[in-house]
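Asks: Sequence:
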Amino acid sequence: MTEDEFVKRCFEIATLHGLTVAERKPGKSICFNPNSNKWLDETHLRALFPAVLEPDLPVPTVNGMVEKVAPGRPCTHVGFRKILSQLHSECGWVPGAGVS
Numbered sequence: 000m001t002e003d004e005f006v007k008r009c010f011e012i013a014t015l016h017g018l019t020v021a022e023r024k025p026g027k028s029i030c031f032n033p034n035s036n037k038w039l040d041e042t043h044l045r046a047l048f049p050a051v052l053e054p055d056l057p058v059p060t061v062n063g064m065v066e067k068v069a070p071g072r073p074c075t076h077v078g079f080r081k082i083l084s085q086l087h088s089e090c091g092w093v094p095g096a097g098v099s
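Numbering that gives the first Met the number 0 puts the first residue of the sequence shown at 0, with every later residue one more than the last.
The hints are simulated quantities; they were obtained by calculation from the structure and are not laboratory data.
Since we're looking at a predicted model, the values are computed, not measured.
Every residue, glycine too, gets a C-beta built ideally from N, C-alpha and C.
Keep in mind that the hints are not guaranteed to be accurate.
FRET-style restraints, in silico, Cβ to Cβ [what the hints assert, rightly or not]: (1) C90 <-> N34: 16 to 26 Å; (2) T14 <-> C90: 29 to 39 Å; (3) R45 <-> T19: 34 to 44 Å; (4) C74 <-> T42: 10 to 20 Å; (5) K24 <-> G91: 20 to 30 Å; (6) K24 <-> P57: 14 to 24 Å; (7) P54 <-> D3: 18 to 28 Å; (8) P33 <-> D55: 32 to 42 Å; (9) P59 <-> C90: 33 to 43 Å; (10) P33 <-> E53: 15 to 25 Å.
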């Protein structure tokens, strides 16, 4: 998976999960909480690539990676971890061995 494919798939999965995906500066973004206006953009997604796609990543490692790119935005973390979990599942990695 290339970086652009990773970003595109994250936006597709976000849409499947009922999250708003919109063009904003500096590009496309995912809204995780419209009430508090919490978004992650392409820059956040690209900062995780390719490390977050390693198979069998421990949950605390993934949580730390997400916190590093989106510090102080805990309402985005749960939804984003669900997106990453689905990506891992699509890649055929063992559920529960990594992202949850």
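Asks: 10 to 20 Å was suggested as the range; check whether the CB atoms of C74 and T42 agree with it.
Replies: Between C74 and T42, where Cβ atoms are some 18 Å apart, the hint holds.
Asks: CB of P33 to CB of D55, is that within 32 to 42 Å?
Replies: With Cβ atoms ~34 Å apart, the hint holds.
Asks: Do the beta carbons of R45 and T19 sit within 34 to 44 Å of each other?
Replies: violated (20 Å)
Asks: Please test the hint of 18 to 28 Å on the beta carbon pair from P54 and D3.
Replies: holds (21 Å)
Asks: Please check whether P59 and C90 have a Cβ separation lying inside 33 to 43 Å.
Replies: Violated: the Cβ-Cβ distance is about 20 Å, outside 33 to 43 Å.
Asks: Given the hint of 15 to 25 Å, is the C-beta distance from P33 to E53 inside that range or not?
Replies: violated (32 Å)
Asks: Starting from the hint 29 to 39 Å, judge whether the C-beta atoms of T14 and C90 obey it.
Replies: violated (19 Å)
Asks: State, for the Cβ atoms of C90 and N34, whether the hinted interval 16 to 26 Å holds or is violated.
Replies: violated (33 Å)
Asks: Determine whether the Cβ-Cβ distance between K24 and P57 falls within the hinted range of 14 to 24 Å.
Replies: violated (34 Å)
Asks: Between K24 and G91, does the C-beta distance stay in 20 to 30 Å?
Replies: violated (36 Å)
In summary, the numbered hints that this structure violates are 1, 2, 3, 5, 6, 9 and 10.
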